[in-house]
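Sequences are here, hints too, so could you generate the full structure?
Residue 192 in my numbering sits at position 192 of the sequence shown, and the numbers go up by one each step.
A few of these clues could be false.
[Said to hold, decoys possible] Simulated crosslink set (DSS-like; lysine-lysine; CA at most 25 Å straight-line):
#1 Lys-34 <-> Lys-18
#2 Lys-81 <-> Lys-92
#3 Lys-34 <-> Lys-81
#4 Lys-61 <-> Lys-16
#5 Lys-18 <-> Lys-81
#6 Lys-16 <-> Lys-35
#7 Lys-61 <-> Lys-92
Derived by calculation from the structure, the hints in this document are not laboratory data.
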Amino acid sequence: MPCQLVCYMRKVLEEKEKVLLVDPRNRCYLVTLKKDGRFHSTSGFISHNQIISQEEGIILKSSLGIPFLAVRPTLADYILKMPRGAQVVYPKDIGIILLWADIYPGATVLEAGMGSGALTMALLRAVGDKGKVISYELRPDFAQRALTNIRDYVGAIDNLIVRSKDVYEGIDEEPLDRMILDLPEPWQVVESAAQTLRPGGIFVAYTPTIIQSQRVVEALRAQGSFVLIEVLETLLRPWNIEGPSVRPAHRMVAHTAFISLARKKVIPS
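See the structure below:
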């Protein structure tokens, strides 16, 4: 079982676990607990020994008397705080991808463009122990950073296969249930997707510009094996509710990328 799931089942916080410390202004700090370690901020310091063996959700006071909440980080928290070798797929987009692409337990999913491992972790959680994630990543530095992030949060994993290969040159694995591309030119992979996705399988391309999405859609239509083609964009706007005052937050996570989706149909012989 992935270590983060084991951690969730524990009642108390333990040494070597990752903990999110939240101050009164909702500023969040990701900390790895170590015996005799210290967390320092402008609000004073907190000894890790104050946190180890305590229940998740405890309120601690720093050396300056400032209260901090200690909780385990959600996957979204970790993605936003983890070290990055490349731009990440943002949590708001990951949620859409997981549901719109219907990533289910036991699925075999190919992703190309591993980045910093954000989407990979979400896919591993969604496919479960009986599923499989195959990641194509050409750059060794990106792959290494992603694997470090994944192991830091998920722990030991047996169902992740990393290929140091150019997906534009072809795909070795088939049949695939789902394919997710985070690449500059995903339209170059449409033909391979048609050959390796099973009938009913779902194709996803994550692209920063609408021109890229347009080219993906044109390639999907021209190839002839794909239907239910659509392009989505997600905008995340928090709201502030303070008594009778209700207003949107001054800042929001607006455009990050476009998500193009399609399903493979059966081609009559």
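Hint check, failures only: Those not satisfied come down to hint 7.
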